[in-house]
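Novice: Please build the complete structure, drawing on both the sequences and the hints.
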Amino acid sequence: MSRPDPARRNIELKAVDPDPLASLERCRRLGATDAGVIRQRDTYFNVTRGGLKFREETPGRPHIIQFERADQLEQRESSYRIIAVEDGAVARAALEAALGLRGEVEKMRHLFLWRQVRIHLDEVAGLGTFIEFEAVAPPESDLAEEHQLVARLREVFSVTNDRLCATGYASQLGI
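This note's numbering applies: residue 8 is where the sequence shown begins, and numbers increase by one.
These are computed hints drawn from the structure, not numbers from a lab.
Note that the coordinates shown come from a computational prediction; the quantities given were computed from them, not determined experimentally.
Hints may be right or wrong, so weigh each one.
[Stated by the list, open to error] Computed cross-link-like contacts, EDC-like style, restricted to lysine to aspartate or glutamate with a CA-CA straight-line distance of at most 20 Å: (1) 114 <-> 141; (2) 114 <-> 64; (3) 114 <-> 130; (4) 114 <-> 152.
Specialist: Here it is, written out as C-alpha cells:
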C-alpha cells in the first residue's frame with residue numbers, strides 16, 4: 008500500500024538585511040508574534056538531489072531536514088520533510104558515515120510568526136545578516152495566498168531586488 012508523500016511546502020524569500028534593528032521594529036509594528044532567539048547549527052551532507060541537513064538548535068531538539076528548492080532570486084517554492092531525532096549525536100554520526108559531510112552553517116535566528124509566515128531575522132557566521140520569509144502552505148493550497156503574503160512582507164520590509172539571495176546560506180558559504 009502506498010502512502011501519500013508527507014512533504015510539506017512553503018513559499019520563501021531570502022534577502023540581505025542591512026538594518027536588522029529596523030527589521031526588528033517592523034516585525035513589532037506588523038504585530039508579528041515574537042517566538043524568541045534560537046541558536047542553530049546546520050550540518051549538511053552529500054546528496055545527489057536536493058539537500059539534507061541535520062539541525063541542532065537551542066532551545067529545541069535536533070532534527071533532520073530533507074529539502075528541494077530552486078535557486079532563484081524571486082519567491083520560490085520549497086518542499087521539505089522534517090524528521091524528529093531522539094539521539095542527535097548518533098543520528099549525526101550515522102549520516103556523516105553514510106553520506107559524507109559537506110559542511111556546517113551556524114546562525115542566530117530571531118523568529119517571528121505572522122499569519123502562516125515565519126519571519127527569520129538571521130545573523131549567519133561568516134556571512135552577515137539576512138531576513139527570510141517562509142509562508143507555510145497547507146496540503147491543499149494552490150500557493151496563491153502564500154505568494155501574496157510573501158509579496159506583502161517584501162513591501163513592508165522594503166526588500167529591493169539588489170538585496171535578494173538566490174541560494175541558501177550553505178551555498179553562499181561555498182559548502
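Novice: Are the hints correct? Go through all of them and say.
Specialist: Now for the hints, and whether the structure bears them out:
no., hint, in the structure
1, 114 <-> 141, "holds (17 Å)"
2, 114 <-> 64, "holds (10 Å)"
3, 114 <-> 130, "holds (5 Å)"
4, 114 <-> 152, "violated (29 Å)"
When held up to the earlier numbered hints, the structure conflicts with hint 4 and nothing else.
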